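Hints are included, so try docking the two chains, each in its own frame, into the full complex.
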Amino acid sequence: MSALTFERLGKSYGDATVVQDVSLAIKEGEFVSLLGPSGCGKTTILRMVAGLVTPSRGRILIGSDDVTALPPNKRGLGLVFQSYALFPHLTVYENVAFGLRRRKVAGAELEKRVKEALAMVRLGAFGERYPRQLSGGQQQRVAIARALAPHPRVLLFDEPLSNLDAQLRDEMQIELKRLQRGLGITTLFVTHDQGEALSMSDRVGVMAKGVMQQFATPEDIYHRPATGFVASFIGKPNRLTGSVALRNGAGGTLSLGGGLKLPASLIDQPEGAKVDIVIRQEAIRLHRDGTETGALAGTIALRSFSGARVQYVVKLAEQVELVAEAPSSGPDSELAIGSSVALAIDPASVFAMSAEGTAA
Amino acid sequence: MTSATDSDDRPGLAVTTTALAVIVFLQVPVIVVMLAAFSTTSYLTIPPQGLTLAWFGKVLSDPSYLSAIRMSLILACGSTVISLVLGVAAAYALFRKSVPGSEAITSFLMAPLILPAVVIGVALLQYFSLTGLRGSLIGLLMAHVVITVPYIVRSGLASLSGLDLAVEEAARVLGATGFEAFRLVTLPLIRPGLVAGALFAFITSLDNVPVTIFLIGANQTTLPVLIFSSVEMGIDPSVAAVSTLLIVATGIVLLIAERRAGFHRFV
Ligand SMILES: Nc1ncnc2c1ncn2[C@@H]1O[C@H](COP(=O)(O)OP(=O)(O)O)[C@@H](O)[C@H]1O
Ligand SMILES: [Mg+2]
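Taken in sequence, the protein lines are chains L and A.
Position 337, counted from 1, in the first sequence is what the numbering used here calls 337; the numbers after and before it change by one each time, with no gaps.
Position 204, counted from 1, in the second sequence is what the numbering used here calls 1204; the numbers after and before it change by one each time, with no gaps.
Chain A extracted, bound-state conformation (with noise of 0.2 Å):
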């Protein structure tokens, strides 16, 4: 939205050098657990001793770990397609305020954004030991829908307000059905808008650990719940390994979605 290109508006040394820091404070941990997966003690350590890529082939040979990172690709990819499917519905219709009460639908919707995680975690375990749900995969799938819908219908609302509604009357004038029109017209121009969502939303659920962690069954985890449970235990380096591993994807994942999108107008 706001651009520093007019000269005039350049922040002063002090707010640069304070946002530096601020920025390096952050990243700072992240560095520090990419570091320590290389070490080739069995204890995390920094700066790190040796040079190894073992904790990775670890990592990568252990049941527990490849299972739980397959459980979260299966969650983020199919939360994401159903959040994709039924958001990109919702935004539409919200646009077009075919539906009475659409201020008070949005807010519902987008609820999940500003409600602590661990609210959501509580009610849904709540909610599936009634209906039976509670370690279920279906269950487990609906509950990161509720939580990825919101950057779906989000950037959807977004791009659809970009839109001259006139192109769709054109097409349907044309001899489109409702439906073509949405799908030859509309859904071509807000695409870039909704693969930002998208890939925001894969990445909310490839990291959730506070909604995931209440509702996950005996025998089955995903990764970053692993890594949570993992630290617990007693940290040896598998786990700044696979943490890094989880950071290289997200971080491949956003570079994607700017690239592709200019995601940062989207989210």
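Looking at chain L on its own, in the form it has when it is part of the complex (with noise of 0.2 Å):
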């Protein structure tokens, strides 16, 4: 049995349908990822589940109890806020005490229930602190142990680490991971942040426009993109035009500008169809010319240094440019400036679709 499932759960503000038809099964235990870009309606979502928002369409189950007409107070979950949404005015203590009083937990029982969640985000010696006198990766910690403590059914994440600096949110992304896995609690989070989304998930729905694009695991996601957005958003997309050469089951070879050939591995529109083509970065090998046979040829535009890793524009013909890296410690990470190069593109990182189908 799914701990939270979504049958044909929709949202509309007056014409504007803002979550379409999104069906979704959640296992026990499972850690499960909303990604979209900004607008494309993951919060509305959360917020239905949590009961913030009445659907317009479909049905929430909680294990087996549909709870869609169901107050959030009587819904049992966890939900940490963007904005953390702590109580200004109480403690740390009677913050993640609140949920346990609202369920009658006192005395004994509410103290060790308090101290075992305040000890889970290692803020044990943080309970007579107000909110205003920590700093926001401590607020956020308070949250997640406030969600925590009453032992909610599913825990609801909406972009939890977004205001964190980048270091604090790596160490947040771990933490949470490895809390999640240690208590077993079913997940669903949102995020805008793809690499957030693939690291911490068992399974990630990616969004466009309200609607489910994939469910699928990360692996998936990456490598086998269900449609034209998905492969669009996922990676870092080099993205060009051109059009479909010639079919060959699910991919086929495109003709780019210039005269040049490009074998895809997803294609899905037919031939002569002009496209969009996504090529992924990482997926673009470069070697000093004459050192790779039957490949595309190119020159260096230009050159930038990232640390670990080296990234090149590469010229092919007029009009037609991509992005590639290597690693800065390899044998291509000296490549100079106008000098050319061989590029060998793994075809399964090469994905063409209708023009309006990429993610903007």
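By construction, these hints were calculated from the structure, which means they are not laboratory data.
Any given hint could turn out to be false.
As the list claims (entries may be wrong) - Some chain A residues judged to face chain L by a derived CB distance under 7 Å, without partners named: (1) ALA1166; (2) VAL1167; (3) ARG1172; (4) VAL1173; (5) LEU1174; (6) GLY1175; (7) ALA1176; (8) THR1177; (9) VAL1185; (10) PRO1188; (11) LEU1189; (12) PRO1192; (13) GLU1258.
Claimed, not checked - Distance windows between CB atoms, simulated: (14) SER135(L) / VAL1024(A): 48 to 56 Å; (15) GLU1180(A) / HIS223(L): 43 to 51 Å; (16) LYS112(L) / CYS1077(A): 43 to 51 Å; (17) GLU1180(A) / GLN167(L): 33 to 41 Å.
As the structure is a computational prediction, the values presented were derived from the model and not from experiment.
The beta carbon of each residue, even a glycine, is placed where N, CA and C say it ideally should be.
Here you go:
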């Protein structure tokens, strides 16, 4: 049985459909992310699960209970807000105790569970502080402890890490994941950050304009995108335009400007159609000219060093440029501007779709 | 709202002098009245001659003053409490936009601040004559609620607009009913603003003459109305003494309001 199920869940505001027929089943203990650009309806879905927004269509089930019509206080969920939404007039201890008190937990049991929750987020010594006396990262952890303390059936997160600086965000990703694994708690995590979604989740639901594009493991999302949108949203895409030269199964051959040909693994348009082409930067290998045969050729137009990797802008033909990456310690890290290179492109990372299908 | 802490923004000497002059001019009558209350003469005179507390003693042992003070306090306390309940409920509903036409309703509730008090007095007089409430305590109380509720609504709306609505939602998800979320989270967070609004409502009721004077019954009166009619009959320093009491009481309330809640932010 699934821990959390959506059945054709939908939400409209007037004429605007914000969430369209989303169906999904999350397993017990699973970590699922909803990933998509800002405004695609992720928060709306989360708020419908929490009971803060009433769905226009469809059903929400927690376990086997239909909770679609239940008020938020009857759903037994934990929600961590993007803004944390801590109670500023209550101490950290009372913030964490709030949900337990509503469930009539009192006395020694209350104290034990609050301490337990605070210890889980390593804030055991901060019970007497007020939220304003804590750093952003600490407030974040209080919000998590507050959501966890009442032992919710499902834990919901709305972009919880987006207000933290990069280093803290990486630490929190690992800490959160470890916490979630340890407790085995079913988790629905909303984010617009693909790195976050791919690294933390058992499965990822990619959304665009209120429509669920693909719901699959991070590996499938990355390597086997189901739609043009997913292909163009995930990874670091190069975007080109071209046309379909030859169809062959799901893939075929594309022709770029300047007479260039390129094999692709996913083409959702017929032969001859104009298409948008997505090539992952990380799927392009550069070699000094002559070391590779049968590959595309180009010249280095720009080189930029970013620590672990070096990025090159490679010019293939007039109006046709690609960004490619190489490890900064490898043999191809010192290619000079103006030098000729051969490009080996993995067809599995080349996708072509109708112009409207791509992520903006 | 605006604070002139930046030295470049300091007003010039002329502005400062003018402002000081205006403040002094406005406050002179208050000072004159307070000084006159201590005079040993049986008529009002400035500067006061001699120094006595006798007029305060006379006021505080005069049954008509005492019953007027009691009436004023009953009205001020009663109308403040009723306005708090109604005004907070109204502000909350208006803020959450849970009623259609919230702009219009807000303007309607605020109208007593703008309408001339005499107009309100006359209108209520007509209404109370028709409904038989004229001269009753209930009628007076209702009238005072009408003129005090805008202060509560305004301070309530101002406090709510500074609130992160997510905190109430967080409380709901954590298991609080709608009312619990309001009582345990929203209300404590808007309390400072409400205290300020309530104190202002209290003073407004305590000082009101123009509305009260139309509605008061034959054998009842409030303190400011009594002062008003005493002055018509000829002034002796007991009027100055009772006025001084009113001024001091008002001043204390204002001071508490400023200390407790940064009052000036809400009115
Ligand atoms: N109360 C509302 N009324 C009208 N439109 C809304 C409301 N709430 C959200 N929307 C719209 O729904 C869309 C999805 O919003 P949201 O779920 O917050 O997106 P996300 O969290 O993916 O960024 C947005 O276009 C937003 O403007
Ligand atoms: Mg959002």
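Cross-check of the supplied hints:
1. ALA1166: OK, holds: ALA1166(A) within 7 Å of chain L, min 4 Å.
2. VAL1167: With a minimum Cβ separation of about 5 Å from chain L (threshold 7 Å), the hint on VAL1167(A) holds.
3. ARG1172: Cβ of ARG1172(A) sits 4 Å from chain L, so the hint holds.
4. VAL1173: holds, 5 Å
5. LEU1174: Holds: closest Cβ of chain L sits about 4 Å from LEU1174(A), inside 7 Å.
6. GLY1175: Since the shortest Cβ distance to chain L is 3 Å, the answer is holds.
7. ALA1176: Nearest chain L Cβ about 5 Å off; hint holds.
8. THR1177: holds, 6 Å
9. VAL1185: holds, 6 Å
10. PRO1188: holds, 5 Å
11. LEU1189: holds, 6 Å
12. PRO1192: This hint is violated: PRO1192(A) lies away from chain L, its Cβ roughly 10 Å from the closest one there, beyond 7 Å.
13. GLU1258: Where the cut-off is 7 Å and the nearest Cβ of chain L is about 21 Å from GLU1258(A), the hint is violated.
14. SER135(L) / VAL1024(A): 48 to 56 Å: Holds - the Cβ-Cβ distance for SER135(L) and VAL1024(A), about 50 Å, lies within 48 to 56 Å.
15. GLU1180(A) / HIS223(L): 43 to 51 Å: Since GLU1180(A) and HIS223(L) have Cβ atoms about 49 Å apart, the given range 43 to 51 Å holds.
16. LYS112(L) / CYS1077(A): 43 to 51 Å: holds, 46 Å
17. GLU1180(A) / GLN167(L): 33 to 41 Å: holds, 39 Å
Checked against the numbered hints above, the structure breaks hints 12, 13 and satisfies the rest.
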